[in-house]
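Asks: If you want the building blocks of each chain, they are given just below.
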Amino acid sequence: MAGDPTLSHTAAIILHTIGAGYGYGLRVMEKTGLPSGTVYPAMRRLERDGLIKSQWEAQSVADAGQRPARKYYRLTRAGKAALIATLKRYPLLVGLALAAEIKE
Amino acid sequence: MHFLRRAMLWAAARLVPRRERAEWLAEWIAELWYARQSCAVDVNRFCLGAFQDALGLRRHASECEPGAASWLASPSRCLLFLAGLDAMALLAILPVPRPSEPIPLRAILLLMGMACLILLPTTRLSLGHYPASRYAPSLATRMRRWFFLAAKIALILAGMFAGLLLAASLGEKTRAAAVLVDGLLLGSVLAFRWALRDQRRRCPVCLRLLTNPVTVGQRASWFLEWNCTELICPRGHGMLYIPENPTSWFAAPRWLYVDSSWRVRS
Chain A
1 MAGDPTLSHT AAIILHTIGA GYGYGLRVME KTGLPSGTVY PAMRRLERDG LIKSQWEAQS
61 VADAGQRPAR KYYRLTRAGK AALIATLKRY PLLVGLALAA EIKE
Chain B
1001 MHFLRRAMLW AAARLVPRRE RAEWLAEWIA ELWYARQSCA VDVNRFCLGA FQDALGLRRH
1061 ASECEPGAAS WLASPSRCLL FLAGLDAMAL LAILPVPRPS EPIPLRAILL LMGMACLILL
1121 PTTRLSLGHY PASRYAPSLA TRMRRWFFLA AKIALILAGM FAGLLLAASL GEKTRAAAVL
1181 VDGLLLGSVL AFRWALRDQR RRCPVCLRLL TNPVTVGQRA SWFLEWNCTE LICPRGHGML
1241 YIPENPTSWF AAPRWLYVDS SWRVRS
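Chains as they are written, first to last, in the working numbering: chain A, 1 to 104; chain B, 1001 to 1266.
Treat the hints with care, as some may be off.
[To be verified] Below, computed lysine to aspartate or glutamate pairings styled on EDC-like, alpha-carbon distance capped at 16 Å: (1) A:Lys80 with A:Glu47; (2) A:Lys88 with B:Asp1259; (3) A:Lys71 with B:Glu1023; (4) A:Lys53 with B:Glu1023; (5) A:Lys71 with A:Glu47; (6) A:Lys71 with B:Glu1020; (7) A:Lys80 with A:Asp49; (8) A:Lys71 with A:Glu57.
Hints were generated in silico from the structure; no laboratory data involved. Everything numeric in this text was worked out from a predicted model, so none of it was measured.
Build out the structure end to end from the sequences listed, making use of the hints.
Replies: In structure tokens form, the structure reads like this:
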């Protein structure tokens, strides 16, 4: 990737949520309160930019739980670096995440 | 009801580029299953989001193709494209016999006036709100976007003039000339519309087309929260927020200048 990625506030929230271990779209929606029409397209862009990568869950694991296999997302090395830079730019993101934890 | 939701996902999948469709649909169907188990999610609205996701993928696929839109992202290429069109129009009228009388200035002004009259009720004329900021560039840099807009309009006017020359050479009262003038009027309205829209979608600093649109909020909730599209300058000069439903407090696109740490180092 050429240079540092520039992330909007919404994309930064989503990256931060994935970085916090909420690795699939529905969970990111629940944590951030953003609608599916915002979360999924933003996750596609983050993946396209090499900040996150996706992997399908093993079918055997899903079968054992009698549920469909789901696609998990996690940060790449570039994504972790971008997240550190983003947290400096948007310091309130950490506070938002903490507030969500307390609310739960 | 579940059948209808799956039908919505299937319909949205038609918009996804073919090579990504199967995996995209598998992911959304799996997520739908989980959304139905969750009490925190409105499943119908969740499914509607699939259309936005599918349209985003479709738009990205078309942006990746070397099409006119990506080629015109650079301001110099945009002007070159318009100048090229003008040159082609001039070449096309070269073999046509010259009109016996010069085109009166009022004909050009009349055509421009009519185009403006049509534009006023049909097009958003505001070029956006660019609030003062300590990160704003110098006045000279900010003026560049006005020169760019003026250059685009001048090149469009040059094209209109070439069209009028052709219409005049066909004779004042011929059917072909009348059709050409009507076409010219429609064409100039569309060209001015494009010039304004293109101007709104450009970074005021580097004049490149903005990228990475992200939809924020929902139309149904616009009274209580933001409902806009965020775009970002590919070189990191700032962000543009375009309201989906213009309101009294957020009517025009709003630009946000950002500090130099955002600049993209290539």
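Asks: State for each hint whether it applies.
Replies: Now for the hints, and whether the structure bears them out:
no. : hint                   : verdict
1   : A:Lys80 with A:Glu47   : 13 Å, holds
2   : A:Lys88 with B:Asp1259 : 13 Å, holds
3   : A:Lys71 with B:Glu1023 : 10 Å, holds
4   : A:Lys53 with B:Glu1023 : 15 Å, holds
5   : A:Lys71 with A:Glu47   : 13 Å, holds
6   : A:Lys71 with B:Glu1020 : 14 Å, holds
7   : A:Lys80 with A:Asp49   : 13 Å, holds
8   : A:Lys71 with A:Glu57   : 6 Å, holds
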